[in-house]
Each structure stands twice: as structure tokens, then as C-alpha cells.
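Enquirer: Below, each chain spelled out in residue letters.
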Amino acid sequence: MKNRSFHIIILFFLSSCLNFCVGQDNSKDKELKVNESLYEEVQRYIGYEDLIYRYTSVPYDVNVNMNLNGYFVEIGYLLLMFLPILLLILLRKHSLYFYGFMASLLIMLIISVGNGVVLGPTGERINNDASSVQSFLAENTIAGPELTGNIYLFVNKLYKPFDAISQKVSGNFDHVSYPFMFILFIIGVLLVYKATEKLPKIDRYLSLFLMLYGFMWALFSGGIIWYGFLVLPLGLILVFRHFLSRTEKETSIRLFKNIIFTGALSIWLVLCYVARVSNIQIIHDGAGKNLIDQPTLYHLAGIIDENQVYDSYFNNLSSALAKINAEDQSLIYRVGTMFPLLIENNDIRLYTDTLLKLFKTIQNRNNTKEGITAILKRAGFKYILLGLNIPAEDKTPEKSLTKKFNDFTQILYDNPEIQLLSTNRIINKSNDPNNPILEYNVFGKVYAYGNYAIFEIK
Amino acid sequence: MAFKINRILLFLFSAFWIAFILIDYWNKHPNHYFAFNNYNFQVLSLYHVSLAGAFAALVWFFNTKLKSLKFLNGLSLIFIGFVGLNISFFEYARVAEFEKQFDFFNILLLHQNIITYLLMSLGILLANLFYGKLFLKKVNFVPEGVHRTLIELSLGLMLVTLICFILAGCGIFNRYVTIILLIIPIVLQYKTFFKTLAAVFIKPINFFKDFNFVGSIAFYFLFLIMSLNFVHILTPMPIGFDSMSLYVNLPKLIADRASLQTGFQPYNWSLFMSLGYVLAGKTQLTLILSSFGGLFSTYAIYRVAVDHLKFHSNHAILLSLCFYVTPIIFHQSSKELKVDLGLLFYLLSILWCLLLWLKEKKFFKKENEELAPVKIDGLLIFIAVLIGFALGIKLTTLFIVIAVLAIIWYSYYGINVFIAFSSFSIGVLLILKLDDMSGMRVYNLSVTYVQWILFFFGGIALCYLGLKKKEIFGKLIKMNVLFLTFIFLPFMPWLTKNIIETKSVSIYSILNGKKNAPRINIGKVINDYEKELKQENKNEE
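Protein chains in written order, with the numbering used here: chain R, 1 to 458; chain X, 459 to 999.
Okay, derived cross-link-like pairs now, DSBU-like style, lysine-lysine, Cα gap no bigger than 35 Å in a straight line: (1) K824/X <-> K462/X; (2) K198/R <-> K817/X; (3) K458/R <-> K973/X; (4) K249/R <-> K667/X; (5) K93/R <-> K820/X; (6) K201/R <-> K820/X.
These are calculated hints, taken from the structure and not from any lab test. On a predicted model such as this, the values are computed, not experimentally measured, just so you know.
In isolation and in its complexed conformation, chain X is listed as follows (with noise of 0.2 Å):
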């Protein structure tokens, strides 16, 4: 009878939730009445509608009667990609009204833009790649018959940056070395290349295999409006707030200078970007290698959601455009060019690999009698380099530093040590006045109980609890140490650059480099002003 009862207040609870969320976000949110109330593209929507309908229908043709995808390859996408585009650019032209505006060879240079910069962001794409594939080659941590695109995209792409980091550290971040630089991989393997241009652009894709109608129209809009997006940042001006003052602006003066800016949090995501002014000189560039963060991300998702989590493709998929259509990612996919999505790539990288490791040691079986044995192995390694690298594209990368080892420590022991751990390490976080960060430490007045109440709280109890099982105890702090030093190595270069610049080991310096702008000693300025005033009154009198 209970449960019947708590069924319908589950029901009538849901309902209300919903329709209260619903009412307050149209509220809260005049921007989607807006859009709807100046809609204009209802033709557009429908000429997109019947290609994502007739896209499906052709993969349901290949998969049910063909039962072959000959025809669905890299080429054959890139062309309904233009379709897609073009039929949106005569569309927008119409309905806008600039149609005249163009003659045959705008429209002729329009596409050869597009596609030189397409082909420009594929060359760099593919030269990360490869660096992934290579190290991976020689040092091999990952386990027979997984997936391993996203660790090489994620291995490569720490690998490029690291490169950039030592030719800008030598100043010689010039287009010509870094070009041979990023070549040496691809002729290295340049048999593995051949055969990787043929999976991209002329084997079928097998990804599409498993697509049903919903799958085939949900990959179809995604595509649409990445599509989009990518054109709408090819432009000189990115028209962020942030992207103009600080994250192309960055890339920039890297680039002018050849060398590491002084000043600034890390910047690993911003050197990379770097590459697009280094290599090119164009701005659109750099903002096309910001916009791999949010392209990489989607990937990520869909990769932790078929890989880990066994969603079927037409779900992960759904998944996929779910995340990428979400107003804040499209933003900072097409205006807003930042780091946050590059950064959210390697924390899905670390999501993923974390899953594969706990997968691999057996803590995701029902009946998991035998521990695994603690000790630190290659994909741990790799975890803990990929935090350090996303270290140095954003501070805030610290919260998955602690996730990561709450859920070690959960998985050899349990609820409770997961409760002391985090008490522990939210503890050190306020110790270290990472609130600071936000302003929000000055409000909380019980904060220095706080943290040591957090801190010897949780240590006691870790200690307690962990000493239970003593044999793994010890293994595991040998474990957290040595994680925390794999952590610290591809981070120890921007460290090591900051104590340069500012000779100082606070943490403020070290974390923040010399400040990058005209030092002005207006206390000084005022003081000769106010003197010369007094001495001009006193001429005058």
C-alpha cells in the first residue's frame, strides 16, 4: 500500500516539478521567445528535415537491404556536409535578403576558403593524431581490444603542446620548424598515414551500422550544426568578450613574440590554439583548434557512452547532440572561442580512461570478492599525466584530481573512506583558500574551523578505516603519492617557467607567472603631480 501511495506522489510530484521548471525557464530565458517570435527559417528547417529524412533512409538502405555501407564514407559526408551548408547559405541569403551581393566567384571563393580551412585543420588534427599513435606505439598502457582514438587524440594533442611549450620556451616558435615538427610522425609513419586518409575519406564507415531512423536524423542535425558553427568562426574578429581580450589574444602575442608569454595561469590550451597564428598567420585558424574542444567533447561523450555505459549508438548519439546543441557549448563553439571545452575534453579523457581502468581492475563485477592488487600501472600513469596536462590549461582541473582519488580509495574500501577521504581533501582545498578563487572565503566566517575540522577529521578517520585493511593501506598512500607526482611532471614546466619570470616561489607567483602589463606606479605619478601643483601654486603666489 505504501509503495502504491509513494507511486502516485511520485507522479503528481513529477508533474508539478516539471511543469514548474518548465514555466520558470520560459521566464527566465526571453532569448528562446525571441528566437521563436523572429523566426525565419521555417523553409530552411524544412529543406533540413527532408535531408536528415532522406539521410535516413539511405543508411536504413545501406544497412537493411545493401547490408553494406560502400557508399557512406569521410567523402561522401563531406559532400552531404556542403549540401547541408549551401542549401543554408541560399536559404539565409534569400530570407536576409543579400542574395545580389553575391556573383559566381564569391560564391566560388566562399567554398575555397571553407575547404582550405578545412583541410589546414585536418592537417593538424591528423599530425596530433599521429603523434598519439606513435608514442603509443613505442609505450603501449592500453589493454588488447579497446577503443583507442580518444587516448591517441588526447595523447597527441599533450604531445603537440608539450612541443610548442619547448619551441616557445627556446623562442624559435616559428612556422617553419614547427611544420617539420609536426610533419616527423606522419613520415615516420607514413604507411599507418596512407591507410588512415583511406578510413577517413574512403572506407565506409562502420559507425553508421547500427543506425535506425532516430540515430541517422539525430547524426544528421549534429553534423548540420557543427557544420555551422564551423563556418560562422571563420572570421577575422571572433566577437566574444573573452576571446578577444584574453583567449585568441594569447594565442596572438605568442605567436608575434615566438616565444612564452610572461604573466598568466598556464595556458596549455591557448599554446596549442597558438598553432592557427604560428602556422598561418589567420585568426580564424586559432579559433577552428579552440573549437576542437567542444568537437573532441562530443566524441568523448560518445565514447564513455557506447564504450563504458553500453548505449546503443542511436542513443549515444541522441546524447551527443544533446550536448552539443546545449545553448552554452554551441556559444563557445561559434562565438565565445575559450578553453573551457578543450579543458572538459581531457576531463571526459580522464572519465573515460578512469572507467576503463576500475573495468580492467574488476570493481565494476557484482561479486568482487578479491580486491585487485594496488599498484600503479601505465593507464593510471596516463590518468594522472592527463590531469597534469588539463592542469595547465585550467586551475580548476584540481576537483577531478580529488573525484579521481575519492573513487580509488572507494573502490579498495568503501562508502566510509570515500566520506573521510573527501573530507580530507575538501579540508586541504580550503587550507590551500581555493574559495578564494570565487571571493566566496571572505563571507564564511567559520571557515578556519572549517578546514581543520575537515582536514583532521577526515585524516583520523581515513587513518582508522584504512588501517583495517592494513596490507592496503600503506600500498594505497604509495599509490596517492605517486599518482600526485605523475600529476605534477606536465606541470612542473609552467611552474619552473613562473619561478623564472618572478623569482619567487610564492603561490601566487607560481601559479600566476610576472604580471603581463605596463607596470605603473600610480601612487608615484601622483605624488610628482600633486608636488608640481603645490610648487606651480607657490610660483603663482
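Isolated chain R, as found in the complex (with noise of 0.2 Å):
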């Protein structure tokens, strides 16, 4: 069987599957269960949006990081800057294909600007609909801010049949994301297939691989970068080989890719590094004079003890690890922080329930702050961690972790048998503002946020 028309053939077949998926409907089945504790802690990479674009928007996503901000996600612009580029000039002698790459390029990139986010100037998110990007505009008048904001009103009037399309056939739930993203992916293959027949061999054999392993990830791991690590690698080596190489015979494609390379690259590598000797954790008055973490330095140099170096990080903090270490049965009840290591015996002691799956079960027969305690320390908890950034990191559109967080908080506030130990959240008992007075404590009017406290159970 020729190649073509083998191809026909899987396409046809593959769009009658689509054809049929298309046509069930959807909303029938959405009492489905979802995990709550995936949906809550893995999903946030993929994004919320309708599932379709989920799937489809992951490359865009994962590389501009449209769902989380941080150094811990952050791969950088070239992979999706230039493998793109890459596949359009080797395409650029077939017409066809090359403009129907482009053309599902621009296409992505609605899908995906539509289905974003505009950062405002401290970091906050604005979800891209009209009303709210416009009401930030009106807002804010930074540069960097509004020129985005600007350009992501546009795209939404573009995206608008997307989401019809979306409504129409998708939703949280649907038939067809994927068998829609297998003919994506044939159609990926077949293009990378000619995008490389004129090269020499190990680049068709590595771009397949890359393909084939790249959609695998997308396909299973929900967005999460470090999954599919291998993609970063493979995909800088294909993009360095070809733009840095000279065999390009056409001159002008030979400087232009030169070029576009050469000064991308260099802002890269010149962020990257202001990035590291920067080395910002958040925005404070010492910000950015942060070389080397200061209390690894000083506890190299001898200058403080281990203990030490615990409370430079977290106020407080050594104080009630040693009145927890001191026992060695007592069980810990941890809602968030990262305290597991400093903890003796944490295999046979530490209950983690940082989704607060336990707690809603109890919550659920006993809804009373005497009543939760109790069954509590019947349990035999005698500690309880609480991480009090968890609902900065929840990213749902219910905000379901907040709200049992704010539940389980509530269980704490002002509840007779229960004692902090210690936190390193600051709050001020003034109402004068000019003659604040500050106390480490969970409760009250937040002075400093803080990110731990450490409870007793009496």
C-alpha cells in the first residue's frame, strides 16, 4: 500500500470516529466523579478551561506558563518560538502544508490567548472576558500590562467562534478531545515526516521521537512539565542544530535564522542569569541581594547552628520542632508546609491530609468545632501543621481548597483546646495605624502573611 493513501485511509477513519464523538452528548454523564484531590493539586497545570482546549493549548501554555508563575515551571520562550519557525521554513516549499500549519499556529494561539490570563503589574490574574480585561484597562495604565491587556481584548472577539465551537461539542466533560487529538497527532507525524525528507537521517529519526514522546506527554500528565523533561533537551538540541547550523542554502534564510536566533538566545541567557544571581523569592526590601540563601552561608562559616538556620527561614520554628521531637508516638496532623524532613520518626507519625480530604470527612459527621477537636485527638493527634499558603496555591475555579481551608481554619480560631506553638504570620492589634502592635499569631488583621503555624492539641 503506498504511503498516501495508507494515510487517507487512518485520517477517513479517524474523522468518522471524531464524526460520531461529535454527535453524544455530553451533558448527560456530568455527575461523574473526579478525584477532588487531582482535580484540585495536578489539574492546575492543565488549566480549567472547556477540555478540549486544555489538550490543545498544553504546548502554548506549558512554554508562556498561562496556568502557574514560577521559577519551578519555567522552560522558556524557545522551544515555542523556534521549533514552529523550524517546521515553517522546511515546509516553506510545499505550499499546502505550510499554510495550514501557519494557519492551526494562529489558531492555537487564539485558542490558547483566549483561554488566558493577563498578569496585572503586581502578578495578579484577570481572567481573559471582556468585562474584566476591560475594567483592568481602564484601571492601569503600565505599559507592559496594558499592551498585553490590549492585545488580549482583541484576540478574545477572535476567539469567540472557538468557544462556540467548544460549547457546542466539549465542555468539562466530552467525547471528543481525544480522538481529536490523535488525528492531531498523525497529522503532526505526516507533517514532520516532510518537513524532514530532505535532511539527513537522524533528524527525521529525532523529530519523530520527539513527537511521539512529546504527545504522550501531553496526552498523560496533565501539563506537568517535569514529566516529559526529556522534551526540553530534545527540543533545544533540534532547534540549536538548525538555526546555528550553515547549510541552509538560501542566504537570506540563512541570516534571518541566524539572526532571530542568535539575538532570542541572548536575551535568554541574559534573563536566565539575572534570574539566578537575583535569585527573588518574593518582593521585599532586600529583594535581588541574594546571591547564595544567607543562612547557608552563615552556617558554612559556622556562624550559626542548624536551628538557627530552621528560624531564619521560619521564624520560630525550631522551638516547637524540638517540643515535637521530643516525643516519638504522638501522631502529627499536617495541613500543608514542607516541615516532613525536620520531623523524627515522620513515617510512623505524620498524617498528611494537605487537601484536607480527612478533615472533610469528619466535617461531614461532625460539624461542630468541639466536635471535629475530639475526634481528632481521639485519632490521636496531638499536632497539628498548617500551611497558611494553601489558598494561593488553589487554583480552581470554585475555589474548593479555600473553602475547606477557611472550614478547617475556623475549627482553630478560638477554640479552647487548641494552642499555637508558634508561626511566623504577624498580625497587628492596633487600629492606629502610626503605632502598630505587632504579635506572631494566625488570627487577627495580617501585618505579615506568613506561611506556617504549629498547633497543639490539648
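Since each chain comes alone in its own frame, lean on the hints to assemble the complex.
Expert: Written out as C-alpha cells, the structure is:
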């Protein structure tokens, strides 16, 4: 069988499947049970838009960090910027593929941005719906976010027909995403196959390898980058190989490739160098003066001991740890925080319930402060570790984790059976802004937010 | 004419695409804006640029004038590293205004500690390398003339981890036994050991012989960032959430109990990291071992680029720098120390070996009329074993199992079989519910149909197309079965451990073992509480 006939048969067959799936009713299955923990913890990486666009926007979202921000998810722009351009360069003599691919890139851009967010000057997230962006623009005149806001507003108009399509065939649940993604995969493989026909064979092997590996990652990993880390070096290798090579025959293309790549690469290296050297975690007066964490240097130089290192990162932590580690049997209920390493025998003492599943089970049976405290105590818990930044991690549209967190903190508030051992949150007990009265506590008017609290159940 | 229009469109579209991504990227990364806005190390950067320039000039001088790299050896590199670090420390202390905190003895102790950790980590590294060398001497599956360090390293690390597994499985994973076992390959190859030491510290590093200014400067900054990250992780308290909760905690638990921990998915890299606690009782050394993943991955990228893709060493070092300074990589190399970069090193080693295998079988030749005979050889077995080991680091390695097999099918049959095999395998992954890992399966209402359609469609197409070359098809199936068996071998100890723990053979139990946490029957606790409450109420009435 000739290649082309085989490809047509596959695509026809899969399109029929897709057509069948489009006709299915998505609404009747909406009561299906969703794993709440995975929904809150894992799916924040892939986003919460309509299912079909969750998948199709993965390449853009992951590279631009649309859903989560921070160094821990940042792989840079080089792959997103240059792999498509490389394919376009290779396909430029095959008009059908060239225009088809260019159109699909634009569609991906519209879908991703249409479902995206604009980040305000302090990092606040504004959903890309016309009213939110317009009111954001009305209040902000800072050049960067304003430009992005205007672009998003424009793209939002282009997104409308796509929104209508997804409302018809997709939603939170659907029948079409998987067949559609698979069709995209096969088209992608054929495109790469065509694009690499005149390149050395090793390029074709690497490209097909990358396509398949990348597709499996996109389908199965929920947008978590380190589940498919290999895509990063492999993509970079291909980009470097083709954009720094001198084998291109057309001078204008060769120059173009070299210039744009060298420019973007230089900007990228400077950005990364400054990011690493500034080493900024949070913005405060000393931000940008943290080449190496100071507690580490002080400890290496013998100026402070281990406990002081703990306290440097988390005020007052060592005293509470000393108390917890003085015992070796009592159980510890952990809601967030990163302290397991510092707790002896934590494999037999620590019960982790960061997504508050256990708490919700108890709450469903007994929703009183006294009852929940007594049940925790009966279960053997003596200490509670509480991460105060859990709400900030909650990216679900309905803020389900934040709600559980608030319910839980209400149990701790003004509870005679619960005693605060330590926290790094500071509250202001004064109503006079010029004369603050500061105290380490969890509840009250927050002066410094902090990120942990440790309680003892009496 | 059409080509001209396409070319113009290509330029226009590329300009639009680049501009759009840059604008959106800048918007989504306020951390870069803050990093620039709060940048306090202009003077330090000037020092480093000058030093990098001086280093580049030195390399150029050695290469072109002296025609010898006599003075560019390991010791001089360490010296350059310390110069870079010291300049950084002093400038940092000046900027952050803490220079008065440090007296002479503090500075001495700082250096002593850095050197101690450097030597300890080098010792472990050499022990790994010599296990690899020893094994390779006995069972040589590497073709002549091929660069061996990457294979020795990945092999050695695998063997050391196996030793850790056996020791921990027997409950004798303690300092003395482990030190003796680590020293054995060095003692057995003491002559090579001294030669290696000489090569590492004293002999000129030929690596630099093709470097131009760009390559030398890229190398300097790569070395600088690696050195800064190295010092950054010499802390008793890693500040990453996942490190503290799991990835450094698990090695500590293993060392505390001198045995394997119940529960958890297979944890080869954590077992390797636990050497830090077992040998020195130090979190710092554990973190260094974890950070080896990033360093080795950078090295593996360099080797893939140079050995297989014929990169010029300047481009390859620039590529390595570009990879290592990517925020997610430096984050996992200096703050959030995990196992993912360790896994990446293995994935890159697998890729390197796969490319070598394809090259040896002449699949990269332009006119490849005669196909290589289909049989499993030493290199392919090694690839399978590496995959098996990597599966023991993280189960997401399954992706590479399929990608490697698909490439092997492709090399014998072509694109149609590649598509057929991919469909079949993805069908299998869906049947195994791999998409449950991210919780996305439940949203895909057609998954049951899709998985079977892909499975049957792919399987039938594979058989139909495969049987066109009957003589190859059977052998290739046999090769695949053998390949999967060799993948299974290094993974088997973990399965055995989990079956012993759970006394169950369900897939979940086999993969996860017995849950490692206090067992709380909360339903019973609540029932008891309610009963007692009712009783109290009755008594009150």
C-alpha cells in the first residue's frame, strides 16, 4: 500500500470516529465522579478551560506559563518560538502544508490566549473575558500589562467562534478530545515526516521520537513539565542544530535564522543569568540581594547552627520542632507546610492531609468545633501543622480548596482545646496605623502573612 | 513566484510570532521584571564578564600560540572556580551588607566546608564511575572508538544503587559496609584509578582545544552557575516543598532505618541520594547527590550533541549552558532538589545509546538498501536495562519505552508502521489507565471506545503491514519481547518488595507498596465518639 493511501485511510477512519463523538451528548454524564485531590493539586498545571482546549493549548500554556507562574515551571520561550518557525522554514516549498501549519499555529494562539489570563503589575491574574480585561485596563496604565491587555482584548474577539464550537462539542467533559488529539498527532507526524525529507536521517529519527514522546506527555501528564522533561533538551538540540547551522542554501533564510536565533538566545541567557543571580523569591526590601541564601553561607562559615538556619527561613520554628521531636509516638496532622524532613520518625507519626480530605470526612459527620477537635484527638493527633499559603495554591474556578481551608481554620480559631505553638504570621492588634502593635498569631489583622503555624491539641 | 510569496510570509509570520511570544512571555513572568528591577549585582557581573574574557583569552592563547593546553587542567579549573566564587562572595557580602559578620576564621571554615563536600561528592562519583568501568571491562558491549564516560557513569550509578538496594533490603545499609563496597572497584583497578585522578586533576583537558571566544565564555558562565548552585545546596534545610516533604525526606528515612522504606513508588534515585545520609549523615551531601542529576544531564546533552549530531564543541557548550540556566533546571538544581533531573540523565543516556545503536546498524546512511539483521545485541540490552532502571526512578519512563520501540519499528519498516505501532501502544497505555495518573481520564467520555479502537486498529495495521516483510516481522516481535523482558529485570526488585509488603498482586499494590503513614480508621473513631456522646447525653438526661 502506498504511503499516501494509507494516511488517507487512517485520517478518514479517525475523522469518522470524531464525527461520531461530536454527535454524542456530553451533558448526561456530568455527574461523573471527579477525583477532587487530583482536580485541585494536579490539574492546575493543565488549566480548567473546556476540555478540548485544555489539550490543544498545552504547548502554548506550558511554554508561556499561562496556568502557573514561577521558576519551578519555567522552561523558557525558545522551543515555542523556534520549533514552529523551523517547521515553517522546512515546509516553505510545500504550500499546502505551509499554509495549513501556519493557520493551525494561529488557531492554537487564539485558543490559548482566549482561555488565558493577563497578569497585572503585581502578578494578579485577570481572566481573559472582555469585562474583566476592560475594567483592568481602565484602572491600569502601566505600559507592559496595558499592551498585553489590549492584545488579549483583541484576541478575545477572534476567540468567540472557537468558544461557540467548544460549547457545542466540548465542556468540562466530552467525547471529542481524545479522537481529535489523536488526529492532530497523526497529522503532526505526517507534517514532520514531510518537513524532514531532505534532512539527514538522524533529524527525522529525532523529530519523530520527539513527536511521539511529546504527544504522550501532553496526553497523559496533565501539563506537568517534569513528567516529560526530555522534551526540553531534545527540543533545544533540534533548535540549536538548525538555527546555528550553515548548511542552509538560501542566504536570506540562513541569515534570517542566524539573526533571530542569536538575538532571542542572547536575551534568554541574560534573563536567566539575572534571574539566577538576583535569586528573588518574594519582593521585599532586600530582594535581589540574595546570590546564595544567607543562612546557608552563615552556616557554612560556622556563624549559625542548624536550628538558627531553620529559624532564618521560618521564624520560631526550632522551638516548636524541639517540642514535637521530644516525643516519638504522638501523631501529627499535617495540612500543608514542608516540615516532614525535620520531624523524627515522620513515617510513623505524620498524617498528611494537605487537600483536607480527612477533615472533610470528619466534617461531613460532625460539623462542630468541639466535635472535630475531639475526633482528631481520639484519632491520636497531638500536633497540627498548618500551611498558611494553601489558598494561594488553589487555582480551581470554584475555590474548593480555599473553602475547605477556611472551614478548617475556623475550627482552630478561638478553640480552648487548641494552643498555638509557633507561627511566622504577624498580626497587628492596634487600630492606629501609625502605632502598630505586632504579635505572632494566626488570627487577626494580618501584618505579615507568614506561611506556617503549628498548634498543639491539649 | 509562490515560493517568493511563501518566503515573505515566512519572514512576516516569524516576526509576528516572535514579537507576540516575547510580549506574552514578559507579561507572564513578573519574576524576571522584578529580578531586573531589583538587580544589585552590576559590579559583580562586570567582574565576571572580565574574568570570562580573561579565561577566553587564556584558552585562545594556549590553543593558538602555545599550541598546548598544559596549564588548563582540573586543578586550574578548580582554582578558577574558587576565584569566581570568592569574587561572588565578597561582592555579595558588600551588596547585602553582611561583610562584618565574617572574620578570617569564618572565611577559612567556609572554604574548608566547601572543599570537604567537594571531595566527598567526588569520592562517590569516582566510586560510581569505577563500578561502571569494572563492569564494562568484564562485559564489553560498547563498539570500539566510542566515547565511554557516559555509559560508565550511568552503568556505575545503576550498580551502586543496586548495591544500596541489596544492603537496605537486608537491613545493613550502614556507613561501614557501604564504604567498603564503594571502595572495592577502586582497589581492584587502582592503576586506572591513579590514571583517572591524574587525568581529572593534572593532565591538560583536551575538551578546550576547539574552543573559541564564545565557547570559552559559555563554559565560564556554565561553570560559575554550577559552582554557585553547588554552594547554594550546602544547607541543612533544603527550601523546596517537595524536597522537604518527600525527595530528601525519603533518603533520610532510609538511612535512619538502614533499610528500605515501605510504600512509595519505586525510588532508585532516592536510594542513591540516601548515600549522603548513610556515609556522612549530612543533608548537604544528599542534596549534592540529587543535584548530580542536573550536572550529568548537562553533560549528557553535550555528548549527544557532539557525538551524534556533530555539533561543534562551541555550539554544544552553548547548548549545555542554555539548558542548565533554564529556570526550571536551576530551580531543581539549587532549591527544589528532586529526582526528575536524575531521571532526565537516564533518559538522555538512553537516547545517546539509541542513536549509537541506530548508527551502528547503519540506519542513518543515505542509501540504506540492506537492512541490519534483526537481533537483540549487547547495546540494545543495555538500553533496556537503563529503561528498567529509569522506570525505578519514575513511572513516567513508560513514555520512552514506547518511543524507543516505535523508533526501532520505524527503522525497519517506515512511517506507516510507526503510526500503527504508536496507535497500538497508546491504546495499551489507555487500557492501562495511564491517564488516571493526572486525573484526566474521567473527563474523556469516549475513552473506552478510543482505547480499543486504537488498540485493534493499531494492532491489525501493525500485523498487516508487518507481514509484508515476513522474515523481519517475527524476529522483530521476538526482539520486542526480549527487550521488554530486559526492561523488566531491573524493575523486578521493586515489584518483589511491594508484593512482599502488600501480599497482593493488584497493579496498584505492585506499583505503590504498602502505604507509609499512620493507619487511622477515621470512621471507627467517629462512631466511637458519637456513641460516647450519646451515652453522655443519656446519663445527663
